[in-house]
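> Protein chains in written order, with the numbering used here: chain A, 383 to 720; chain B, 383 to 720.
FYI, nobody ran anything at the bench for these hints, they're computed from the structure.
If you're wondering where the values come from, they're calculated on a predicted model, not measured in any experiment.
A couple of the hints might just be wrong.
For identical chains, the list gives no copy identity; a pair is met inside one copy or between any two copies.
To be verified - Subject to a maximum C-alpha distance of 20 Å in a straight line, what follows is the list of computed SDA-like cross-link-like pairs (lysine to any residue):
#, residue 1, residue 2
1, K570, G429
2, K443, E643
3, K482, S459
4, K482, P460
5, K528, A679
6, K528, D598
7, K528, R684
Residues per chain are reported as follows:
Protein chains: 2
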Amino acid sequence: MTEPVRLSLDAAQDLVARALLAAGCSPDQAAITARALVAAEADGQAGHGLSRVPSYAAQAKSGKVNGHAVPHAQSVSPAALRIDAGYGFAYPALDLAVTKLVQLAPTMGIASATLYRSHHFGQAGAHAEKLADAGLIGLVFGNSPKAIAFWGGQAPMLGTNPVAFAAPLPEGPPLVIDFAVSVVARGKINAAKQAGETIPEGWALDRDGQPTTDPDAALAGSMLPIGGAKGAALAMMIEILAAALSGSHFGFEASSLFDGEGPPPDLGQTLVAIDPMRLSAGAYQDRMAVFLAVLGADADVRLPGSRRLINRQRAAENGLLVPAALYQSLQELAASTA
Amino acid sequence: MTEPVRLSLDAAQDLVARALLAAGCSPDQAAITARALVAAEADGQAGHGLSRVPSYAAQAKSGKVNGHAVPHAQSVSPAALRIDAGYGFAYPALDLAVTKLVQLAPTMGIASATLYRSHHFGQAGAHAEKLADAGLIGLVFGNSPKAIAFWGGQAPMLGTNPVAFAAPLPEGPPLVIDFAVSVVARGKINAAKQAGETIPEGWALDRDGQPTTDPDAALAGSMLPIGGAKGAALAMMIEILAAALSGSHFGFEASSLFDGEGPPPDLGQTLVAIDPMRLSAGAYQDRMAVFLAVLGADADVRLPGSRRLINRQRAAENGLLVPAALYQSLQELAASTA
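Build out the structure end to end from the sequences listed, making use of the hints.
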């Protein structure tokens, strides 16, 4: 069997949840995590989608992730929450954060939640989008295991540290911006290695901090941030907002998100939710209508995040195409016992 | 007279304030604006320093800037403020925002101020730094007149849109990150033009959206953002946070900050202040101590913003070197009548 397998979203959800249940997760951890991974796959974010299931299952099995964690919210001030993800998967804690912020931000104007004892937060834009679906501007900062060097340094220290932003629009789904601060995802270097190809200069440095076009040297070195010193500073800003502000591990302390070895990664995330109609004294929607009219007047310009909507619609209609080897691995996991 | 003139910080403050008073500003607008421009010059940010005085004076004289504006704060919810800068210079309104946020954020955990009817906000990091001096993490977003195209488009639409971040450290002055999302400042292209030199590819596009090394073509075209589509998305995010959230003009609507012609630019700014000890349940300082120890272990790595401290110290000891032509222009302005 080498042809990809087509699965409906419901079937994919069921299969992934069963794989996580079999790995020892609670029904809630399994269902919520499966939903997030399937949604990322449907949105075209395969790197945060079904390909993660085997390593997620390994982490639940080894206890690196607590598959029975129940996230807990603590109010630390009128406009701020701390969410203990309990070393579980991040998605149940993120959903709790979104639920609480959707209650809090319209009253306070702005509110924040920091997550600690957390894990891979996947498609960052999805969490911001949920805030925007409730009429809020959402900002999401998360750190990740070390990949980018301090500017001037050689060894990887900072994560690729995604940032996401979502803004409600006068009609239709929100505008969603979601990017990591590395020039490319590490997966692109892995792909070049597997294809026996070189990589363009500007993607990565070798372990001596020198530019390289050799994927092996790049994987042993560090990823380059966008914009040189500016991107490295942005990675540091996100590292502080995600990890120091929540009391979590920095990228240089976090264990891998891809295997079951070692202690929990203990990553952090920070969400900020803003009520734009409140802060703008009602002007926000009209201002965004002007913005969209100007942007939409140029046929060559696309709103950031619009591809996700096309992918999402296509996946809802046609389901997901799952590579044969991954499908088989998911089936084996679902049939296994923890 | 062609030699630069050395001025103490006090003398520079006095000269700039007199120039702005002579242009018709109130004592408060003149003194606070002079302080911000001299501080930027002292920090090595000449582009936001004394070179701005002649165009600031022209704007106060023509009424494009209201030199008698008194900024006004309005509480719109427990954790959010709106600040009406009254079409004055931005600094009095920014100082009011900082004062209010320093009161509000420790109680609320997080608080935000949006500024409208505002103007050039200068050295963005200076405002964030004031929040961090009070023990808060500061985020500052501001938009600016159009310079960067929408990704895929040709005409400049978005500002270069600086973002600033400051974080208190366990001891000493805060960490300050402050950058515009364009690859280089427009001033660098002007400098190349004046020197009769070409510019490197990757700085700007011509009016047809094509890469150019000709400074004239670049000035007629658009500035490139860092990281391609990612930086363009970041510019858009800042545009929405600064302008739509405050109900201000977008970059494509704002008039020039460099001459006295036309209506007020009506730019917006958004400040966010976070109490890190509150949000981290007390872990923040210890986490930052670990971060600094790891960063400081590499002699090749410098904390972002550390050059400003060296420049600031040097300026406090030796004063500022003001180019002869600029000094003469400041003197003429100070001696003029509005």
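> Please go over all the hints and tell whether each is borne out by the structure.
Outcome of the hint check:
1. K570 with G429: This pair counts as within: shortest intra-copy Cα distance 10 Å, inter-copy 39 Å.
2. K443 with E643: Within. Shortest intra-copy distance 10 Å satisfies the 20 Å Cα cut-off; inter-copy 68 Å does not.
3. K482 with S459: Classified as both; 13 Å inside a copy, 17 Å across copies.
4. K482 with P460: Result: close both inside a copy and across copies, 12 Å intra and 17 Å inter.
5. K528 with A679: Answer is between; shortest inter-copy Cα gap is 16 Å, intra-copy 41 Å.
6. K528 with D598: This pair counts as within: shortest intra-copy Cα distance 17 Å, inter-copy 42 Å.
7. K528 with R684: Between copies only: 18 Å across, 32 Å inside.
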